[in-house]
Amino acid sequence: MPPLPPLPIPAHPAPPTTEIAEPGNARLGLRLFLLYIILYAGFMALAAFAPQIMAKTPFGGVNLAILYGLGLIISAGILALLYAILCKTESKSGGEK
Amino acid sequence: MIYQFSWNAFLIFAFFVAVVLGLSFYLGRKARSAKGFFAAHGQVHWFVNGIAFAGDYLSAASFLGICGMIAWYGYDGFLYSIGYLAGWIVALFVIAEPIKRLGRFTFADALDSKFNSRAIKLTAAISTLVVSTFYLIPQMVGAGTLIQPLLGFSYTTGVILVGVVVIIIVVTAGMVSTTWVQFIKGSLLVIFCTILVGLILNRGIIAHPEAATMGIQTLVEAQGGKVTNDHPQGRGPGQGDLSPVGHVVRLPGDVKETGPLGPFKFLSTLQKSDVLLWSSKKTLENGVSVTRFTPKVVKGEEVMTPGASPTFAGIRKDNLWAKLDFISLMLALFCGTASLPHILIRYYTVKDQAAARKSTVVGIGAIGFFYVLTLFLGLGAMTSGAMDVTNNNMAAPLLARTFSQTLFAIISAIAFTTVLGTVSGLIMAAAGAVAHDLMTNLFKVTDHEHGQVMWGKIAAVVVGIVAMALGIVFRDFNVSFLVGWAFNVAASANLPSLVMLLFWKKTTSAGIAAAITTGIVSSLAWILMSGQAYKDIYHWDPAAAIVPFSQPGLVTIPLGFVVLIAVSLMTSRKVVEREAIMVA
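Note that the protein sequences, when read in sequence, are chains A and B. For the first sequence, the working numbering assigns the number 1 to the initial residue and increments by one for each residue that follows. For the second sequence, the working numbering assigns the number 1 to the initial residue and increments by one for each residue that follows.
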C-alpha cells in the first residue's frame, strides 16, 4: 500500500473541541475556590503572624500546625470530590442541553 | 557516608528502564500523527491521566527533597507539601476545563484562541522554554547527586543516563509513552511509600538515650581523600566513617520503645519526645574544606511547628520582611502549579472537559495522599537512626534500608524512575512549544503533521542535550532553590494571562504578551537581586541585597495582573477606534 499523504495542519483558529462551557460548573468552581483561598490564607496568616497559636494542642495530642496542614490537604480532596459530583456534563455546541 | 554498590538496586532500576523503553518502542507505532505525538490522541482514560498527573508532578524535589527537609528540620518540609498540593485547587477550579476547551496541544493555544496573535505565540513559547528549563536543571542535578550513593555510578554518568533514556522515551512515542511512564511512576511511588509508612507505624519509635552523648562530627575533604572524625574514610583497619544520625533520645514516660502506633499516636508521641538534630558548617582551612556537624537535643513540640529550618526561620522572628518572604513563597507554590507548562499539556491528552475535571480530581487524590505520606516518611527518617549526616536527600532510601535491603533497592530505583517521569513531561512541554507554537504556528516552517512531529523530535533531542549540559554545569547548586525559582517564574509569567483571559472580556493580545514578558523579566530580575542569590550564587553578604525579601511572587504576580489590565485598556481603545473608523 502506498504511504498516506501527510496530513495538512488545520488552519488557525481551529476549534479544538465542539464543547461549550457550562456556566453552572464555573460558578460552583469559583465558590469552592474562594472557600479554599480563605482556608489557605488563614493558614499562612497564623503561621506567619501567630505561631504561638499554631503550637497549641487543641485535641488528640497533635498541635494545630499539623492538624491545619493535614486539614488543608484533606479538605482539598473533599472539595475536589464534591465538585466532581455536583458538576454537570458539558453539552456539545449545537446539541441540546 | 560510604555507600556500597547494590546489585539489587541496579537490577531493579535496569528492569524499570527496560520496561519503560520497551513500552516506548511498542507505543511508537501509535504516535505518528501530530495529535498522537503531542497529545496521545486525546484518548487517555481520565483515571490513567489522573495518576499520570501525579507521576508528572511528584518530582525528585517532592519525593527526596521534602522527606529530607522533614527529617532534618521537622515541620518546615511539610509546608512545601501543603503549598504544592494547594496549587492543584487553582488547576481544578479555575484552569482545567477552559484550558481543555480552548487549546489543542500547548497552553499557548488556549491563550491565543481568541486572538491569533504572533506576540502571544512567541511570548508563551519563550515562557514555556524558560520555566521548563529551570525545572529541568534541579531534576538533572538530583539524578546526578543520587546515582553515586544509590547505584555507584559517577555524577556525570547519572545525568547522561537520565538524559539519554528520556530522549529515547520522548522521541519514540512522544506523549503516548510519556503518559505511561508517568502512570507507572505515579503508581509505584504511591504504593511503595504507603508500604513504607505502614512499616514505620508498625515499628513505632525506639529511644536511643545514648545518642545524646554524640559529639561534633567532622569531614575534611582534601585532594588526597576524605578524613572523617580524624580517621581516613574507609572500611579497612585504622579507617573510619561518619556515624549515622537521626535519633529520638527520650520518649514520653522514658520508655525504651513504643511498639506499633496509629498515625495520630505517632505524631502525638513524637511531639512529646526529644530528638537529636544536626546542623552543619563548612569552612576553608589552609585550602582544605572542613565541615563540622553539630548535634543538638530539640523538643518534639518545637520540631512539629513551622520555623525550625533556615529557610523559614524568619517566621519566628519579629521581622516583617522575613514573614513576607514566607507568604511570598507559599503564594508562588499556590499559583505556580496551574502555570507549569508540563502540567498544563496533560489536559490535552484526555477527550473532553469532563475527563479533564475527573482526572484532576484523581490527581489531587493521589498527590494529596502522597503528601500526607511525606510527613510520616520524613519523621520516620528523623527517628530511624540511619541518616547520612552529609546528605539529607538520601533520607527516604536510607529509611527504607532500615527495613530491608530489597526495599532500599526498590525505593532507590523508584527515585530514579521519579526523575525519568518528570523529565519526560518537561521535555515534551518544551518540544511542543518549539514544534507547535514556534515552528508551525509562528514561523510557518512546516505545514504538515509529519513536519510538526519531526520538529517535535528534533526539539526533544536538543532540549535533552541542553538539560544534560546544564545538569553538569549546575552541579553544586541548591536544588530546592531552583524549584522554588521555577514556581515563581511560572506563576508570575503565566497565571495573570490565564486567569484574565477567562474572567475579563477586555483582555487584549497585547495585554497578554506584555504580562507574560513582565512576569518572566521581573521575577528573574527579583531573584537575581535577592539575598538568596547574593548568598548562593555570588557568595556576597545577603544583607546587602537590593530587594527586601528573596521570593518574588508576592510582588511579581500582582504586577503581571496590573500590566495586563493597563496594556489591555490602552490597546482596546485603539481597537475600538479602528473599528469605529472602519464602520464610518
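A portion of the hints provided could be inaccurate.
[Stated by the list, open to error] Straight-line distance between alpha carbons at most 25 Å, and here's what the computed DSS-like set of lysine-lysine pairs gives:
#1 B:281 x B:226
#2 B:299 x A:56
#3 B:256 x B:299
#4 A:56 x B:317
#5 A:56 x B:272
#6 B:457 x B:444
#7 A:56 x B:282
#8 B:317 x B:114
#9 B:114 x B:351
#10 B:282 x B:535
#11 B:272 x B:282
#12 B:457 x B:30
#13 B:114 x B:506
#14 B:256 x B:272
#15 B:282 x B:265
#16 A:56 x B:296
#17 B:351 x A:88
#18 B:317 x B:351
[To be verified] Just a sample of chain B residues kept apart from chain A, beta carbon distances all over 12 Å, derived:
#19 18
#20 218
#21 271
#22 327
#23 474
Hint data in this document are derived by calculation from the structure and do not stem from the laboratory. Glycine included, C-beta positions come from ideal geometry on N, C-alpha and C.
Against the structure, the hints:
Restraint check: the Cα-Cα separation between residue 281 of chain B and residue 226 of chain B comes to about 16 Å, which is no more than 25 Å; the hinted pair holds. Restraint check for residue 299 of chain B and residue 56 of chain A: the C-alpha separation of about 14 Å stays at or below 25 Å, so the hint holds. Between residue 256 of chain B and residue 299 of chain B the CA atoms are separated by roughly 17 Å; this keeps the pair inside 25 Å, and the hint holds. Of the pairs offered as hints, the one joining residue 56 of chain A and residue 317 of chain B holds, with about 18 Å between alpha carbons and a cut-off of 25 Å not exceeded.
Using a Cα cut-off of 25 Å, the hinted pair residue 56 of chain A and residue 272 of chain B holds, with the two alpha carbons roughly 13 Å apart. Of the pairs offered as hints, the one joining residue 457 of chain B and residue 444 of chain B holds, with about 17 Å between alpha carbons and a cut-off of 25 Å not exceeded. Distance check on the hinted pair: residue 56 of chain A and residue 282 of chain B sit about 36 Å apart at the alpha-carbon level, beyond 25 Å; violated. The straight-line distance between the Cα atoms of residue 317 of chain B and residue 114 of chain B is roughly 48 Å, outside the 25 Å bound, and the hint therefore fails.
Taking the CA atoms of residue 114 of chain B and residue 351 of chain B, the gap is near 21 Å; set against the 25 Å cutoff, the hint holds. Proximity of residue 282 of chain B to residue 535 of chain B is assessed by CA-CA distance (about 14 Å); at most 25 Å being required, the pair is judged to hold. Between residue 272 of chain B and residue 282 of chain B the CA atoms are separated by roughly 32 Å; this puts the pair beyond 25 Å, and the hint is violated. Distance hint between residue 457 of chain B and residue 30 of chain B is fulfilled; the C-alpha atoms sit about 15 Å from each other, no more than 25 Å.
Taking the CA atoms of residue 114 of chain B and residue 506 of chain B, the gap is near 12 Å; set against the 25 Å cutoff, the hint holds. Proximity of residue 256 of chain B to residue 272 of chain B is assessed by CA-CA distance (about 14 Å); at most 25 Å being required, the pair is judged to hold. For the hint pairing residue 282 of chain B with residue 265 of chain B, the CA-to-CA distance comes to about 38 Å; that exceeds 25 Å, so the pair is violated. Only pairs whose Cα atoms come within 25 Å are accepted, and residue 56 of chain A paired with residue 296 of chain B is accepted, the gap being roughly 24 Å.
Our distance criterion of 25 Å between C-alpha atoms is met by residue 351 of chain B and residue 88 of chain A, whose separation comes to about 16 Å. For the hint pairing residue 317 of chain B with residue 351 of chain B, the CA-to-CA distance comes to about 50 Å; that exceeds 25 Å, so the pair is violated. Look at residue 18 of chain B: its CB is around 31 Å from the nearest CB on chain A, clear of 12 Å, so calling it non-interface holds up. With a least beta-carbon separation of about 34 Å from chain A, residue 218 of chain B lies farther than 12 Å from that chain, consistent with its non-interface assignment.
Look at residue 271 of chain B: its CB is around 6 Å from the nearest CB on chain A, not clear of 12 Å, so calling it non-interface is violated. Listed as outside the interface, residue 327 of chain B is inconsistent with that label: its C-beta sits roughly 5 Å from the nearest C-beta of chain A, within the 12 Å cut-off. No beta-carbon of chain A comes within 12 Å of the beta-carbon of residue 474 of chain B; the shortest separation is about 30 Å.
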